[in-house]
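Heads up: the protein sequence lines correspond to chains W and Z, in order.
Going left to right, the first sequence walks through residues 2 to 567 as the working numbering numbers them.
Going left to right, the second sequence walks through residues 345 to 443 as the working numbering numbers them.
Derived by calculation from the structure, the hints in this document are not laboratory data.
One or more hints might be untrue.
[To be verified] When the alpha-carbon atoms are kept at most 30 Å apart in a straight line, the in silico DSS-like pairs for lysine-lysine are as follows: (1) K411/Z to K35/W; (2) K385/W to K365/W; (3) K81/W to K349/Z; (4) K368/Z to K35/W; (5) K48/W to K397/Z; (6) K48/W to K373/Z.
[What the hints assert, rightly or not] Selected chain Z positions facing chain W (in silico; Cβ < 10 Å): (7) Q353; (8) S391; (9) D394.
On a predicted model such as this, the values are computed, not experimentally measured, just so you know.
Don't be surprised by glycine CBs; every beta carbon is placed ideally from N, CA and C.
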Amino acid sequence: MINGNNGKDNRINSKILIVDDVPQNIQVLANILKEAGYQMGFAKDAKTALAHTESTQFDLILLDIMMPEVDGYELCARLKEDKRKRDIPVIFVTAKSETADKTKGFELGAVDYITKPFDVQEVLARVKTHLTIRNYATKLEQMVEERTRQLIHADRLATLGTFSAAIVHEINNPLSHVQGNAKLLKLFWNALKPIVKMNLEGHVERNVKRHVEGHEEGYVEGHGEMRAGRHEEMRAGRHGERHIGEDATVAVREDTTVKVREDRTVPVREDATVTVREDTTVAVREDRIVPVREDDETIMMVRKDMDGVDEALTCLLNGCYRISQLTNSLKTYSRQSNARKGRSSLIDIIHDALHVVIHKLKFKGITVDVAVPTGLMIYCDQQKLSQVFINLIDNACDAMEKRGGEIAISATAVNGTVSHGRESGIPVRESRNPVNDQDNQDDQDDRNDRNGQNDQNGQKGQEHDQNDQEYDQHDQGHDQHDQGHDKKHDQEYDRIDIRITDNGTGIPDEVADKIFNPFFTTKGMDEGTGLGLFIVRNIIEEHQGKISLSPFAGKGAEFHITLPLG
Amino acid sequence: MKSWKAARQTGLFDDIACFGIQLKKYGDKYSLHILQQFADDLILQVSNFDIEKMMATLNSYPGLIIKIKSLHQEQSQGETRFEGKIEPERKIRSQGEIQ
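Chain W with its partners taken away, still in its complex shape (with noise of 0.2 Å):
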């Protein structure tokens, strides 16, 4: 706000300087001056006045005309040249008071000409009143200054906003493939699952068959001591204990009879024996420990990551689905268009809004809490309305000093008897919060993953795909059911009552008088542009609503909206 005629305050703070080269004149000025409460530097020449307003800005130079060297007129000329002191308004106090004279100071840049002897009431008059323009231009240069940056601010959002809309529409088609294909590719493989896996098992088993026949095939030979196989050495046990020297085993347990060939000693005579070799059959009962070849290896390693083809195909369709909903989002927030009222659902307008700042609120760790009825259906701008939400929400975010914060969200329809009732709406019931839910989802996907819900899995991927026909549906319009309902509703309610409650650092009083005022901001100057609230009250107003504020200082605050049901 422009503070340029706010008497005494604006006399401490402004500077006047005198030049004359006449001491006695300086002294009578200062005199006037000082008791009007200005401050005054003074000046016997031009010289020294030129090095007085180098150092020191100020706000009025009061000059006198008749100097010797260099006179009035020249450095008014040169104050004027000059672009740093160009502003700084120059009033001549002369005795010349010829319209000549006059006009030529006018001519140079002065502002005002006051002639000697001086009316010392009319000298203050003066001075005040350039005063009071100089503050105002110098506020008004301010505030194009500031308007300026704001408008570069507001026009690279808008920018932002049609590039978003075009980014969003390139992801969208490259998306729209994954997700089809991912889909179609879901469908096969639960087709394809059980055969494969089957096919699987019968091959590893064929193979392991293979080689326990091939180890019974085997002679074994020597003192109690086996080799067999093709592929490993067997320390000998007769109990079965064999070590194998390759890292796939499968252990077979079974009756075999074993060929062993035998040197036996047979005594010949009593100082002769004769080693005779001979071939018996032993049974053995063993746990085999079976080497399993490399392509079975791949095999089973194949049948084991199976369940893991299942959760990569459900990961895939999820993280689609998540693309989906923010670029759905995007596309509504950043979507240009003039007023476009229609019935929305409330909660759907809330998601929405929170899909735009989920970042943010990840980022500092905030829960949402919301708790709206799932059929509140209002006729609104829903892009406007959503705004509304996004700014309320954004700014909860910002007054979050430390991690883990709150914001609720809730909403009841209320009926004109009762003004601002919570307890007389709709029965509230604690809806999907789509920041908690994501995080939700990924645990449920754990439990899931951990479990080998698979076909669970499955389904979610389906109510996904649901999810999507439904964010599709939402600009043409809500089904039979939710007409009934508010059917139903608008005939016993009138208006919605929106709570959007934060546990921040609270808003001081003498702030929130003025957070509803245009380019009114607590953040620094790159953080916001103190509109936000301010188109939050204008949307709010062209939908006959109102929003009120209830700050809890140092304990966060409320933003209190009521609009009509429509």
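Following the hints, position chain Z against chain W.
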């Protein structure tokens, strides 16, 4: 000296008055009578907007500093001769009065 230069540069009566008040404090703190007198004169001249005398007083400031320095040197020499038994503040004041 910086404040003296600043007071002359800005050309504001208030700055010159502040400079005078600052000198007055130093004069009181160190019992430098000549400094106290200088400051009193300057403050009075500023309050009367007596430009000519004020400028003359301001212009005499470097000379005043030289004078104070020489007094300090004399005092130091005196202390050496009299084994520092003479109280420095009192000595400066007495010489200042003679001046």
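30 Å limit on alpha-carbon distance, applied to hinted pair K368/Z and K35/W: holds (23 Å)
Per the CB criterion, is D394/Z less than 10 Å away from chain W? For D394/Z, the interface hint holds, since the closest Cβ of chain W sits about 7 Å away, which is under 10 Å.
Verify the proposed pairing of K411/Z with K35/W, using a straight-line Cα cut of 30 Å. violated (35 Å)
For the pair supplied as a hint, K81/W and K349/Z, is the alpha-carbon distance within the 30 Å limit? holds (27 Å)
Under the criterion of a CB-CB separation shorter than 10 Å, is S391/Z in contact with chain W as hinted? holds (9 Å)
Would you check the hint for K48/W and K373/Z, treating anything up to 30 Å between C-alpha atoms as holding? violated (38 Å)
Pair hint K385/W and K365/W, alpha-carbon separation not exceeding 30 Å: OK: K385/W and K365/W at ~25 Å, within 30 Å.
Given Q353/Z as an interface hint, is the shortest Cβ-Cβ distance to chain W below 10 Å? holds (5 Å)
If you draw a straight line from the CA of K48/W to the CA of K397/Z, is it 30 Å or shorter? holds (20 Å)
In this structure, the hints that do not hold are numbers 1 and 6, in rising order.
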